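Q: Following the hints, position chain B against chain P.
2 protein chains.
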Amino acid sequence: MTRLTRRTLLAGATATLAAASAQSPIHAAMPPSGKQAPGFYRYKVGNLECTALNDGVLTFPMPDGFVTNVSRERALAAAEAAYMPAGMVRFPFTAQLINTGSKLVLIDTGWGAGVAPMVGLLAANLAAASVDPKSIDVVVMSHLHPDHTGGIRTATGDLMFPHAEIMVPALDWDFWMSDAHMASAPNETMKGYFATTRKLYSGLKDRVTAYQWGQEVAPGVIALDARGHTPGHTAFAMASGASRAFIQSDITVIPELFLLNPDWHVAFDIDPVQAVQTRRKFHDMAAAEKAVVIGYHFPFPAMGHVEKTEQGYRLVPIAWSPVI
Amino acid sequence: MTRLTRRTLLAGATATLAAASAQSPIHAAMPPSGKQAPGFYRYKVGNLECTALNDGVLTFPMPDGFVTNVSRERALAAAEAAYMPAGMVRFPFTAQLINTGSKLVLIDTGWGAGVAPMVGLLAANLAAASVDPKSIDVVVMSHLHPDHTGGIRTATGDLMFPHAEIMVPALDWDFWMSDAHMASAPNETMKGYFATTRKLYSGLKDRVTAYQWGQEVAPGVIALDARGHTPGHTAFAMASGASRAFIQSDITVIPELFLLNPDWHVAFDIDPVQAVQTRRKFHDMAAAEKAVVIGYHFPFPAMGHVEKTEQGYRLVPIAWSPVI
Numbered sequence: 005m006t007r008l009t010r011r012t013l014l015a016g017a018t019a020t021l022a023a024a025s026a027q028s029p030i031h032a033a034m035p036p037s038g039k040q041a042p043g044f045y046r047y048k049v050g051n052l053e054c055t056a057l058n059d060g061v062l063t064f065p066m067p068d069g070f071v072t073n074v075s076r077e078r079a080l081a082a083a084e085a086a087y088m089p090a091g092m093v094r095f096p097f098t099a100q101l102i103n104t105g106s107k108l109v110l111i112d113t114g115w116g117a118g119v120a121p122m123v124g125l126l127a128a129n130l131a132a133a134s135v136d137p138k139s140i141d142v143v144v145m146s147h148l149h150p151d152h153t154g155g156i157r158t159a160t161g162d163l164m165f166p167h168a169e170i171m172v173p174a175l176d177w178d179f180w181m182s183d184a185h186m187a188s189a190p191n192e193t194m195k196g197y198f199a200t201t202r203k204l205y206s207g208l209k210d211r212v213t214a215y216q217w218g219q220e221v222a223p224g225v226i227a228l229d230a231r232g233h234t235p236g237h238t239a240f241a242m243a244s245g246a247s248r249a250f251i252q253s254d255i256t257v258i259p260e261l262f263l264l265n266p267d268w269h270v271a272f273d274i275d276p277v278q279a280v281q282t283r284r285k286f287h288d289m290a291a292a293e294k295a296v297v298i299g300y301h302f303p304f305p306a307m308g309h310v311e312k313t314e315q316g317y318r319l320v321p322i323a324w325s326p327v328i
Numbered sequence: 005m006t007r008l009t010r011r012t013l014l015a016g017a018t019a020t021l022a023a024a025s026a027q028s029p030i031h032a033a034m035p036p037s038g039k040q041a042p043g044f045y046r047y048k049v050g051n052l053e054c055t056a057l058n059d060g061v062l063t064f065p066m067p068d069g070f071v072t073n074v075s076r077e078r079a080l081a082a083a084e085a086a087y088m089p090a091g092m093v094r095f096p097f098t099a100q101l102i103n104t105g106s107k108l109v110l111i112d113t114g115w116g117a118g119v120a121p122m123v124g125l126l127a128a129n130l131a132a133a134s135v136d137p138k139s140i141d142v143v144v145m146s147h148l149h150p151d152h153t154g155g156i157r158t159a160t161g162d163l164m165f166p167h168a169e170i171m172v173p174a175l176d177w178d179f180w181m182s183d184a185h186m187a188s189a190p191n192e193t194m195k196g197y198f199a200t201t202r203k204l205y206s207g208l209k210d211r212v213t214a215y216q217w218g219q220e221v222a223p224g225v226i227a228l229d230a231r232g233h234t235p236g237h238t239a240f241a242m243a244s245g246a247s248r249a250f251i252q253s254d255i256t257v258i259p260e261l262f263l264l265n266p267d268w269h270v271a272f273d274i275d276p277v278q279a280v281q282t283r284r285k286f287h288d289m290a291a292a293e294k295a296v297v298i299g300y301h302f303p304f305p306a307m308g309h310v311e312k313t314e315q316g317y318r319l320v321p322i323a324w325s326p327v328i
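Which chain is which? The protein sequence lines are P and B, in order. So for the first sequence, the working numbering puts the first residue at 5; every next one is plus one. So for the second sequence, the working numbering puts the first residue at 5; every next one is plus one.
Chain P extracted, bound-state conformation (with noise of 0.2 Å):
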């Protein structure tokens, strides 16, 4: 009965639009766009303007080893609770850029281009924000791993910041340059990560300038020492006026896994019992502040609260606002 007066109904309802549409062209039925919205999403702390800027998102399988001291069945089930696809970890990549009003900061510069089809975004993204890559002053690494580092470079090999000045924390920089700790890499991944890093800064030495902790590396933002997931990690305090923002980096990865979980280790933590240290202070400051926290990993746009939870934390997203 609902099918036949549905018939009936349709039936009417083309006759009126036929008779609307008789005085304009008919037009074909409209393609499909296939095209995303551009990933950048503006926000402010105080009178910093902030745009988080996503270098896109790697869905793999999850490797063996990917969380060393738990099972890969016990991982794959905190991945597939968060609705990953079966088997797989997703793996989202954002950056932030921050106009301080004398000085266009841009903290990590995504993958780079060529890496992998759905990563190397950034340079799009910061195009579809209206934003010249000439026009940054400085680029601040949080640490010295590919996918934060990769994009200072174009795909041809130049430099894709041509007047920036490019800030890497003191402490990676020793460790990453260093003869003696590329000799005793443990395994093939950072062997890579060396060779890799090398490559990148080779050339750019008189370009770079360390940081220390501590150090104000652009007005309003302040370097924290975030140590273990590399030794020179860095996490970031943005502060002006009242407001106050926490970009930490990678002290925890994908929330999904391991800020639900802090005391599990990823693969990439190089000193994994100190980035577990490090994460469930810095998590327990920023639940006990209700601050606002970027991180690297988290799903765009990369930024949330965090919430105590029984044996962790909980990110709860920020909730999108159409105007700055």
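Hints were generated in silico from the structure; no laboratory data involved. Check before you lean on any hint, since a few could be wrong.
No copy labels: a pair is met if it fits in one copy or bridges any two.
Stated by the list, open to error - Derived DSSO-like pairs (lysine-lysine); straight-line CA-CA distance at most 27 Å:
{"hint": "1", "residue 1": "39", "residue 2": "195"}
{"hint": "2", "residue 1": "107", "residue 2": "39"}
{"hint": "3", "residue 1": "209", "residue 2": "48"}
{"hint": "4", "residue 1": "138", "residue 2": "48"}
{"hint": "5", "residue 1": "48", "residue 2": "312"}
{"hint": "6", "residue 1": "203", "residue 2": "138"}
{"hint": "7", "residue 1": "285", "residue 2": "195"}
{"hint": "8", "residue 1": "294", "residue 2": "312"}
{"hint": "9", "residue 1": "107", "residue 2": "209"}
{"hint": "10", "residue 1": "209", "residue 2": "138"}
Here the structure is a predicted model, which means the values were calculated and not measured.
A: For chain B alone, kept in the frame of chain P given last:
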């Protein structure tokens, strides 16, 4: 000591930067953009290409009686726990566009122009998504509240979607067009809704098609009985191949209050007891099926999964994807 080191390092960096920039023009500080990213988000449900279209967000002081069956203090505590500004409620609005391959279908239309500066943004976001309002074939209303239906007209009163059939739930049409119901409207808000709806649809009777629950309003889009919020309030199932997603419309308005506390009555529910029954039935199903659920008043992009908690449900927002 850090500060001294910092000064030394920055002095060095400035010298390096100046040398590197010698052949390029010195550029001024980049002015702040002041502009948010466009508020649309694309996703697929099988072969259906869908676009979430934000119409804006209203943040307003919580009125007395906003939640009719709990104290204002308790309702405000829930809002503050969700990081809304003290004393305020944050209310987002997001419509859905569905390209079925043969029809371009808009489900709900936003407030329309001129209501408030922070709403009526759907037209701009449609433009940002490169969709011409003239290409929309069907506009389907979930119900006839002004935040859903006001967008059918432009600021000058013309039809915003001049080639579109307008489909309205038969029971809502009967209710809002009934002189008897208008005469017995229990308060000024409801009287206003009747007046607004009649003015909006004045002269459009021949353009409007009434639809029934169970009907396929467009290929792959099925109208579902979701009565309570209004007499004809409708949810939608989108289905294509093995994929499904549910547009829950206003079964639950803002999830921070009413999904977490499904027994709370929002002032806008015309039959709040029925609305609670519909809410619990729908979200029990959605949680059990791990369904993708889209809500008109969920934070943009207004999609997520629903999980049962002790007292109600929790929304887990979808992980943003850089590709469709």
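Q: Under the constraints set out in the numbered hints, which ones does this structure not fulfil?
A: 1, 3 and 7
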